[in-house]
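Kindly produce the complete structure, drawing on both the sequences and the hints.
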Amino acid sequence: MVLSIQDVNKKFDGEWVFLINCTADEDGNLITGEVVIHSKSRDEVFREMQKYRTVDTLSSIRYVGKLPEGVEVIL
Amino acid sequence: MSEHYKINFDMTSNVMQLGIYLLDRNTKKFKHMNITFDTGASRTVISKDILYYLGYDVSTNDKVRIITASGVEFVDKVIVDKIKIGNYVLEYVEVYAHTFPEASFSLGVLGLNIISQFNWNIDFRNRQIAFQFHY
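Residue numbers (the working numbering), protein chains in the order written: chain G, 1 to 75; chain S, 1 to 135.
Honestly, the hints are just simulated from the structure, not real lab data. Since this is a predicted model, take the numbers as computed values, not measurements. Misleading hints may appear alongside valid ones.
[Said to hold, decoys possible] Distance condition first, Cα-Cα at most 27 Å in a straight line; then the derived DSS-like pairs of lysine-lysine:
1) S:K84 <-> G:K51
2) G:K51 <-> S:K48
3) G:K11 <-> S:K31
4) G:K51 <-> S:K31
5) S:K6 <-> G:K10
6) G:K10 <-> S:K31
[Said to hold, decoys possible] Covered, in the sense of this in silico footprint (three residues per stretch, anywhere, with C-beta under 8 Å from a C-beta of chain S), are these stretches of chain G:
7) 24-33
8) 38-47
Beta carbons: idealized from backbone N, C-alpha and C, even for Gly.
Shown next as structure tokens:
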């Protein structure tokens, strides 16, 4: 099911998501996409997305949500 | 005068995440991913798993030492055929392939080798970033 990126952010809060059939606006911002993989485990998403290697629609991978409480990131 | 571009960013994971596109060598199409805008990084670094997924050789003999917040690491240099930010396309961009810890919630960092090619105007209130190529 194709969802807006805002709906993806709400529905999959705290998960990694992989989307296909994405659309973007004229500036390249993602507008919609179809979530075909989602998991709290990034590595699980990496493994599963191999099935979609030859899919030639626009795809996207992202983490959705906030950091767990008490965690901050310094890269 | 070069064109202005404007893209959205989000503060997922409390860091500034931009959507960029990398050219997939398998399909010759762009793939989208979110990476962290990081003026503290001298180079752009992309997840090794993502580069492998996109058909790039991530086990080269061309390694370089990088110093991170947590220590010294050796990473592979990879030339990405095309990177698109907004609608601006950069060709043959050298990036470093690195395995980010899962808990970093990031798939890469956009570093100064790319950032410094543009002038940036960050609007935190509206979560928008405007930029213009300045070379």
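A quick look at each hint next to the structure:
no., hint, result
1, S:K84 <-> G:K51, "24 Å, holds"
2, G:K51 <-> S:K48, "18 Å, holds"
3, G:K11 <-> S:K31, "22 Å, holds"
4, G:K51 <-> S:K31, "15 Å, holds"
5, S:K6 <-> G:K10, "24 Å, holds"
6, G:K10 <-> S:K31, "23 Å, holds"
7, 24-33, "holds (count 6)"
8, 38-47, "holds (count 4)"
The structure agrees with every numbered hint stated previously.
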